[in-house]
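Q: In case you want the letters, here they are:
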Amino acid sequence: MGELLVLIDHSESEPRKVSLQMLSAAKSLAEASGDTVAAVWLGPGADAAAAALGSHGAQKLYHWDSEDALGYVTLPQVSALQVAFETSGADTLLFASGNHTKDVAARLAIRLDAGVITDATDVEVGDDGRLVATKEVFGGEMITTSKIADGKHQFIGVAANAFPAEDTGGGAPELVALDVTLDDAATASKVVSVEKQGSSDRPDIGEAAVVVAGGRGLGNESGFELMEQLADLIGAGVGASRAATDAGWYPHRYQVGQTGRTISPTLYIGSGISGAIQHRAGMQTSQNIVAINKDAEAPIFQIADFGVVGDLYKVVPKLIEELEARKG
Amino acid sequence: MKVLVPVKRVPDTAGEKKIDPNDRTVDRESVESVLCPVNEFAIEEAMRLKEQQDAEVTVLLVGPESAQPVVRKALSYGLDAGVQVVDDAVVGSDALGTAEVLAKALAAEEFDLVIFGNQSTDARTCLVPAAVAEILGLPALTYARHLEIDGDQITVHREHEEGWDVVESSLPAVVSVVEAINEPRYPSFKGIMAAKSKPLEVRSLDDLDVDTSRVGSDNAAAIMYEFRDRPPKEPGTIVEDDGSGAAATQLADWLVEKKFV
Chain A
1 MGELLVLIDH
11 SESEPRKVSL
21 QMLSAAKSLA
31 EASGDTVAAV
41 WLGPGADAAA
51 AALGSHGAQK
61 LYHWDSEDAL
71 GYVTLPQVSA
81 LQVAFETSGA
91 DTLLFASGNH
101 TKDVAARLAI
111 RLDAGVITDA
121 TDVEVGDDGR
131 LVATKEVFGG
141 EMITTSKIAD
151 GKHQFIGVAA
161 NAFPAEDTGG
171 GAPELVALDV
181 TLDDAATASK
191 VVSVEKQGSS
201 DRPDIGEAAV
211 VVAGGRGLGN
221 ESGFELMEQL
231 ADLIGAGVGA
241 SRAATDAGWY
251 PHRYQVGQTG
261 RTISPTLYIG
271 SGISGAIQHR
281 AGMQTSQNIV
291 AINKDAEAPI
301 FQIADFGVVG
311 DLYKVVPKLI
321 EELEARKG
Chain B
1 MKVLVPVKRV
11 PDTAGEKKID
21 PNDRTVDRES
31 VESVLCPVNE
41 FAIEEAMRLK
51 EQQDAEVTVL
61 LVGPESAQPV
71 VRKALSYGLD
81 AGVQVVDDAV
91 VGSDALGTAE
101 VLAKALAAEE
111 FDLVIFGNQS
121 TDARTCLVPA
131 AVAEILGLPA
141 LTYARHLEID
151 GDQITVHREH
161 EEGWDVVESS
171 LPAVVSVVEA
181 INEPRYPSFK
191 GIMAAKSKPL
201 EVRSLDDLDV
211 DTSRVGSDNA
221 AAIMYEFRDR
231 PPKEPGTIVE
241 DDGSGAAATQ
251 LADWLVEKKF
261 V
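Sequences listed follow chains A and B, in order. First residue of the first sequence: 1, per my numbering; consecutive thereafter. First residue of the second sequence: 1, per my numbering; consecutive thereafter.
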């Protein structure tokens with residue numbers, strides 16, 4: 001009977017969707033292993049989030065309320081998470097496979113001589129009680145099963161949307177404050193400011209259930225207004241192919257593909273995207289793929305669940321009209 | 001200023017990848033290997049520092065002799081020198097084992113700045129830059145979409161899901177760059193020719209102060225023990241629009257049937 005730590009990724013006082021998904025996964029893992037699910041919240045906001053974390057499976061909540069968690073780059077969070085490991089005696093960590101959380105996991109893994117598996121799409125308890133993680137490699141062409149060597153801490157990075165977030169009505173978690181002391185190195189790299197970009201109402205493509213993506217076939221920057229219009233109608237995030245971001249039609253951080261983001265939404269709708277291998281490497285694990293492209297030979301149609309061969313400037317406005325009508 | 005750019009050899013994304021069932025590493029015979037495309041952004045950023053601040057840039061690769069063309073490719077962009085760590089004991093290392101080798105290879109050089117790509121196109125764990133920085137006791141300013149150096153101070157715009165953080169630190173430091181940072185140049189003919197005669201030093205683990213307890217397949221903390229190809233997809237429904245956009249009705253029906261709307 002130990003504790004299973006879940007590092008909560010959050011935007012200010014709001015846990016990200018992936019954090020609630022991880023808690024739900026942790027809850028079923030803990031039921032199999034007999035562990036307690038302990039969430040770890042670094043930075044202000046733990047009190048406000050406690051109820052939501054508890055209802056998704058957190059029985060305990062380690063928190064460090066200091067602004068330093070966000071005021072300096074990575075290292076204060078590494079120190080605080082290390083304290084959480086020491087306090088709890090935990091062996092296992094689930095963390096969100098996001099950019100900055102991977103840095104926290106990598107650094108702490110070096111300190112604790114842990115093993116790390118990132119971007120797991122499934123996690124189970126194996127016969128020996130150790131975790132077994134499934135992940136997709138080579139842009140989703142291959143599926144692998146991995147574990148961490150015996151005797152080492154297990155750090156498992158969980159991919160967004162790998163698990164459903166289930167509100168199982170759990171009560172408030174037991175709150176435990178972490179006593180963290182930072183050395184000079186931890187505060188050597190300062191966060192001077194935070195620049196937020198884009199619509200805060202639109203979900204991030206990494207965790208959106210639906211992603212609407214546009215490519216070279218849009219022909220120009222204003223094509224993305226159409227993509228955004230469709231996206232906002234169905235609550236989707238907006239992505240782009242590299243051809244579109246390189247042309248300057250949409251910011252690079254929305255680029256889906258081998259040099260950009262990897263996404264696995266429930267539904268991907270690509271317009272004017274041919275589906276070159278470099279793009280497919282970032283999206284072919286999407287559960288359902290819709291393609292709208294005027295070239296019937298475009299490779300995207302080979303992986304499409306539903307494809308429309310046609311002019312996207314005719315099809316997409318009509319689709320918006322149809323969907324609006326059905327929404328009433 | 002001295003800049004080091006660690007690069008990786010990866011299987012070509014367009015190639016058909018196979019895993020060798022004996023040691024569960026990528027079967028390099030079966031697929032063309034290339035310089036990781038994300039490294040091109042790191043090389044470009046290093047070249048800008050070379051041109052603007054007279055930086056001396058060395059490329060570093062950990063990999064077998066057969067990976068030398070990748071070092072030469074990196075040099076063809078105009079970098080000054082190469083270091084390659086060649087040692088059979090490295091084969092099968094996980095990301096943290098690779099980080100140990102890279103960190104000690106970096107420590108054997110003098111540097112002010114290390115520029116990684118934020119991810120490799122094959123494994124995509126993104127763990128290596130931060131792990132290397134941890135081993136070296138340095139700041140890791142990762143996912144840089146913009147970087148500026150002023151004396152021994154560095155400012156980086158670190159990309160994240162909602163935008164970016166502006167962060168400041170002092171050198172030496174480790175950074176990783178995302179593709180938003182620049183538009184990589186192509187190697188010139190002159191660069192390609194010059195790359196052939198640029199200095200390239202080869203080192204083994206014995207030359208470096210590597211903690212071998214982390215390195216190699218026997219010491220990998222993350223163990224991949226099963227792999228399979230992704231099952232082929234069932235062919236989907238493809239409809240042809242008549243030019244009026246009317247096919248959108250069928251798509252809307254499908255979306256409703258699948259309960260997406």
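Calculated from the structure, these hints are not laboratory results. Treat the hints with care, since some could be wrong.
[To be verified] Simulated DEER-style distance windows between Cβ atoms:
1. A/Gly71 x B/Ile192: 24 to 30 angstroms
2. A/Asp201 x B/Lys196: 31 to 37 angstroms
3. B/Ile192 x A/Ser66: 48 to 54 angstroms
4. A/Pro317 x B/Pro232: 45 to 51 angstroms
5. A/Gly198 x B/Arg28: 49 to 55 angstroms
6. B/Val166 x A/Arg111: 24 to 30 angstroms
7. B/Glu183 x A/Ala48: 38 to 44 angstroms
8. B/Asp150 x A/Glu14: 32 to 38 angstroms
9. B/Gln250 x A/Gly198: 43 to 49 angstroms
Computed from a predicted structure; not experimentally measured. Where is the CB? At the ideal position from N, CA and C, for every residue including glycine.
Q: If a hint holds in the structure, say so; if it doesn't, say that too.
A: Now for the hints, and whether the structure bears them out:
no. : hint                                    : verdict
1   : A/Gly71 x B/Ile192: 24 to 30 angstroms  : violated (46 angstroms)
2   : A/Asp201 x B/Lys196: 31 to 37 angstroms : violated (54 angstroms)
3   : B/Ile192 x A/Ser66: 48 to 54 angstroms  : holds (52 angstroms)
4   : A/Pro317 x B/Pro232: 45 to 51 angstroms : violated (34 angstroms)
5   : A/Gly198 x B/Arg28: 49 to 55 angstroms  : violated (40 angstroms)
6   : B/Val166 x A/Arg111: 24 to 30 angstroms : holds (27 angstroms)
7   : B/Glu183 x A/Ala48: 38 to 44 angstroms  : holds (43 angstroms)
8   : B/Asp150 x A/Glu14: 32 to 38 angstroms  : holds (36 angstroms)
9   : B/Gln250 x A/Gly198: 43 to 49 angstroms : violated (32 angstroms)
Consistency with the previously given hints fails for numbers 1, 2, 4, 5 and 9, ordered from lowest to highest.
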